[in-house]
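Visitor: Sequence:
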Amino acid sequence: HGGQNIAAAARTLGVVEQTLFNWVKADRLSKLTGADSKAVSVEQMEISRLRAELARVKMERDILGKATAYFAKA
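Per our numbering, residue 13 is the first one in the sequence shown, and the count goes up by one each step.
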């Protein structure tokens, strides 16, 4: 049952299910840390998610711009 909640939350947050599962497990073990071995806050996780989303949106924008330019020539 908990796995289904994690799967739904991962979809909502836009993160890989296994990643969220690992975060939850680490939090339960009080071992949730960042690259510098300091505790990772919810805000830091949200910033990381937003940075990944921004990168994806920029990539989509660039692809759409190239496609628009290509079809404008035709």
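One or more hints might be untrue.
Derived pair list, reagent style SDA-like, types lysine to any residue, alpha-carbon separation capped at 25 angstroms [unchecked claim]: (1) K78 <-> Q56; (2) K78 <-> M57; (3) K37 <-> Q56; (4) K85 <-> L66; (5) K70 <-> K37; (6) K70 <-> A22; (7) K37 <-> L25.
No lab work stands behind these hints, which were simulated from the structure alone.
Visitor: Which of the numbered hints above does this structure break?
Guide: 1, 2, 4 and 5
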